[in-house]
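Take the two lone chains and join them into the complex the hints point to.
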Amino acid sequence: MLVFERRRQPSKFWTTITPVLAVVLTMIVGGIMFALLGKNPVEAIRTIFWSPLFDPNLSAYARPQILVKAAPLVLIAIGLSIGFKANIWNIGAEGQYIMGAIFGGGVALALYPLEAWWIFPLMILSGILGGILWAMLPALLKIKFRTNEILVSLMLVYVSEHFLASVSLGLLRNPDGIGFPGSRNLQQYASASNGELFTGTGIHLGVIAAFVSIFALYGLIKFHRIGFQVRVTGQSERISRFAGVNPNLMVIFCLATGGGLAGLAGIFELSGPTGQLSIDFNVGYGFTAIIVAFLGRLNPFGMALAALLMALTYIGGELAQFMLNLPAAAIQALQGMLLFILLSMDFLSQYRIKIRKLA
Amino acid sequence: MTRKLFHRVVALLATLLLSFGFAKADPAKVGFVYVGPVGDFGWTYEHDQGRIAVEEAFGDKVETSYVESVPEGADAERVLTQMALAGNELIFTTSFGYMDPTINVAAKFPDVKFEHATGYKRADNVATYSARFYEGRAVIGHIAGKMTKTNQIGYIASFPIPEVVRGINSAYIHAKKVNPDVEFKIVWVFTWFDPAKEADAAQTLIEQGVDVIMQHTDSTAPMSIAEEKGIFAFGQASDMMEFGPTARLSSIIDNWAPYYVERTQALLDGTWESVDTWDGISTGMVEIGEFSERIPEDVRAEAQAISDSIADGSYHPFTGPINKQDGSAWLGDGETADDGTLLGMNFYIEGLTGSIPN
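As you go down the protein sequences, you meet chains G and U in turn. With our numbering applied, the first sequence covers 1 to 359. With our numbering applied, the second sequence covers 1 to 358.
If we strip away everything but chain U, and leave its shape as in the complex, we get (with noise of 0.2 angstroms):
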């Protein structure tokens, strides 16, 4: 009897001493802060598919956070300290614009860890990440190339940064290998997210001819008026389909799932380090959505091709002889270009009209 009751308390003890245990195990605190609303199915929403892998995958140990439609600048800045100051280990910036807001506040909490998306500055908790997105534009210029009639591809861009010019400069290249004939039409919205306009730019191009529409913007409106007009599209950060199931040819997913889980796997097991991430097909953050049955079979198997050649390394997007819109030699023959240049890419490529704007 009394062992019998000994063996009780000692397993009600053990439970108790267990969960309690448990309960003193806080969750580690990964903090997001988004640039647009997680229900642009685009940019943001990507953004967010990471956060929720990263529940999926660390369960009761990590709880995240977010904050959505920070302003950059001023706001952001508070915003990160705030969720400093409730605990959050690692926290996740993902905007260009909050690069010298998360360098200031990284400054001021040394022991919080901090990731910068699309920045160029980094600290000793601070690092930053990236995704070659140049690399998906490369396979669907290729596509769009061979699928456009009017030999006319609409381009709606969103502001003339490097990034922007790069997805232009692949696409163009691409897209003109397989089609000489091939016209860009750029317009540029000065946008990240503003479905009105986007839907406009779209219209204009349509209007102007263009029979494929490619865009660098986060919402899905382009998608959506490429479907009523009976025209071909691809989806921008997220796979869109929803928005154009007959419309959308293929689709560049930004895909950070598999980098948030890393590097939030790194701070938990206390090997998290400051590092520049610049990672493309080969990883998965850029990733090719499936392509549409109305692409040609040989198109597409070109089209994975490409893909599988830039994912194994044997193919650069950028490899020469490639000259610069004025003419002048910029890559020789068989020469790739050095990350160093396309980070700072300021120029459009031999053939594309108008000029970048400032």
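Just chain G, same shape as in the assembly (with noise of 0.2 angstroms):
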């Protein structure tokens, strides 16, 4: 008879052999509902996983493309780690990534068409501090009235969404734009473009900021005292105030550094590949880097990793779309599965199993 027996620890083994374990797991079961579709399974993983990096036609465009569409996951689900290992959850990345996006650009097109050296590092600052400002709603009304951080945070996603629209038909529409809905294109405005540091490529400073932000979260875990406290509040709150840890402070330095790197992976992409302020403008990468930082353990490297292994599969499904006709939703499944199938895998790492005789 099979038993479940729970770990003391969770076993370090299965804690890092699981990831891989979900992703080779996640080809065979996706590989089974692609041949339920009627499509070539073998075929469907491949060009998924494998065409992106080395098909001989699309590599040398798509490689790069992984590292800029990681970019942003990266530097949002950096932040978020922090405050996931303090237990302090913010969910609404996806909003401060708006807000600073909005901010940054606000910057930019008030500015227009001034020509300065100063303008872009400007914009940069703003957009970590419209970020900022976004996560301190939530922050401020958790340490004042106790409310949820959850809630507020993933709420607030919805109000900055309505505060894009309004700018993008208002405030910063773009007056040559016929009336259409949009802000200038940031591309076409030298000293507000983020443009790309190796032709052809799509690699831009976001991406550079990104690893950076790799290193400096592991550093600020392994050596700074912040890193500790952040630890031991995760542990127990209680435990922490003997620590000397400020529980206030410390729910205001999470939603902080998780609301700052947002902005700034906003004003990055708006700045970067987007231009453009639009409706539009969020894809959803303050949702994904949730996925991302559990993917990664909330280790740095190993949420660098998981950015990559998203990345490619957008890149991936979209060259499965248009070359084998799967459809959207087929690739979204898949990547639905990746998660599903990491976080109930977890289980090997809390438990042991046994099997024992029946007496």
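Since the hints were made in silico from the structure, they are not lab data. Even glycine gets a Cβ: it sits at the ideal position worked out from N, Cα and C. Keep in mind that the hints are not guaranteed to be accurate.
Stated by the list, open to error - Think about it this way: if two alpha-carbon atoms lie no more than 30 angstroms apart in a straight line, the pair counts; the simulated DSS-like pairs of lysine-lysine are: (1) G:85 with G:144; (2) U:29 with G:39; (3) G:39 with U:61; (4) U:177 with U:29; (5) U:121 with U:108; (6) G:222 with G:12.
Said to hold, decoys possible - Here are some chain G residues pointing at chain U (derived, C-beta under 8 angstroms): (7) 53; (8) 61; (9) 64; (10) 165; (11) 174; (12) 178; (13) 185; (14) 269; (15) 273; (16) 283; (17) 321.
Written out as structure tokens, the structure reads:
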């Protein structure tokens, strides 16, 4: 008879190996789904996971694009992971991302057509500020009234989407746009453009920032006192008080880093690959980053890998759509499967499976 | 004997050569990028019907493919680049928000042809196309004005952009013409496709006493609500008959098939050029769906007459005298609107209440 025995500590081995197992299992289950849809499962899985990296025609373009797509996911996930470690749940990164773009983009559009070197740094700073301010609403409400930051931060996403629609149609609308919604394209405004650093790759400053953030988080958690405080708070708020942590400051710190990095991702994305503030500017990075944070076990390098994997499935998924006529919904189902399988496999790191003879 | 063998060998060689020749003639690849799912039964569905028509018209000579639910912005640019890299020769980008990405990618692939729907930026390898949906709005506006008992017509609008404002104005003019007491209640949902939001909007309108609903959004949700509540509605983008068999009075169908077939033919013939197309009822790009039996016969005849007169060019839906909402004159008696004003239309006409949000 099979018995599940709770481990005293989560198994190191299984914690490391389950993400890999989950990916393999997702490929198998996903392959079965593709086969049921009447597609060749091997070819479908190959197109999604292999073609962007190694197809002779496409990989030269797709490889750096994976980094570009992963960059905002990494930035946001890194910021969120600090809070998650401390049991502070900022679910509203999508809104903070939007506000970062509106604040940073607003600065640029207000200064247009002035050309000056300080415009771009100013945009970045106000982008970060926009994200922080938006994250301070749930933080202050939590400190002052003990509101639930999960609900408040999530609800504020919808508020920020309305803000976005409003400025796209009014305040920041392109005056030369013949009445259509959307701002000027910052790609065509030299001082505000976050252009590609290496020709033809699309790699912009945000990708570099994402790299830096990985190591910054690693250093913070490993070597800085705040990293220790975050971990202690996550284990028990009561104990953390004895360790001298001010829980209110901790709430502010966690939401500010999450919001600030989300805002930073927003302004990099706006000034770089997207260029234009429009009603549909946000495409869900703030929510996908939550998946990335958990796929990566809140570990900075794990999250980087998880973001790359998600980016790969997006780009490979697009290829599978137009090369194999797979529906978009099947790709989304595959991504959902990945998270579901990973979370259910957490069981293995928490429990030991034993075979016991019946008495 | 030898001669027979010789013939056989020749025949065999010929077949081989022929089949080799066919295999060599790679089909021309035509790609489509959609903003919604192909199963929306509205905007994207009709574009996909156009794609299927291309497949049917050209058979082995053309191979089509598509990517659905592509967000506007950076993702669209990447998808377009990958489609170009994968060897697509003609790519249709079917949403306004794909405008800048299309122009950017087109600049990098001068040999690939692009067609952008509803935009205004063109290049040597970027053509634009759109449909005069406001012509269809004139016909259904007339029907709505005749059919409403409460004199309240609900309008579910997506975004306050010229195309949507134009539709509201056109529908209102023609409803008002046949029913001076008519009032329009307009709800802005700020989405093209969100069945839940659209359904909520329809519910709200019905609670306010509306008995005819028009929509400028892509889902079938308002039609289903209209059916459930026993009021009237019109199919939008596609016919939507199945979703409101009794509620549906008529529909405005976007028929992209002839245009897509024509442009693909031009690609094959090597005669493709960057053009700006804005077609309406006359070419069939805007189709009026079959009139419901519930519309009285005389009203059906009138609606048909409006449609016919727009098609033959003898009538323009925006014919003066028309004043703007603030009472200032826009079109004088008998004057018709020019395309420039229509393309940038950002004002309501006289009689409409409320303001265009921004």
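Going through the hints against the structure:
1. G:85 with G:144: holds (22 angstroms)
2. U:29 with G:39: Holds, at roughly 20 angstroms.
3. G:39 with U:61: Roughly 23 angstroms between the alpha carbons, so the hint for residue 39 (chain G) and residue 61 (chain U) holds.
4. U:177 with U:29: Judged against 30 angstroms, a Cα distance of about 48 angstroms means the pair is violated.
5. U:121 with U:108: Roughly 16 angstroms separates the two Cα atoms, so the pair holds.
6. G:222 with G:12: Holds, at roughly 18 angstroms.
7. 53: Not OK, violated: residue 53 (chain G) not within 8 angstroms of chain U, min 13 angstroms.
8. 61: OK, holds: residue 61 (chain G) within 8 angstroms of chain U, min 6 angstroms.
9. 64: Because about 11 angstroms separates residue 64 (chain G) from the closest Cβ in chain U, which is outside the 8 angstroms limit, the hint is violated.
10. 165: holds (5 angstroms)
11. 174: violated (11 angstroms)
12. 178: Since chain U brings a Cβ to about 5 angstroms from residue 178 (chain G), closer than 8 angstroms, the hint holds.
13. 185: Cβ of residue 185 (chain G) sits 6 angstroms from chain U, so the hint holds.
14. 269: holds (7 angstroms)
15. 273: Check passed: Cβ of residue 273 (chain G) comes within 3 angstroms of chain U, closer than 8 angstroms.
16. 283: holds (4 angstroms)
17. 321: Since the shortest Cβ distance to chain U is 4 angstroms, the answer is holds.
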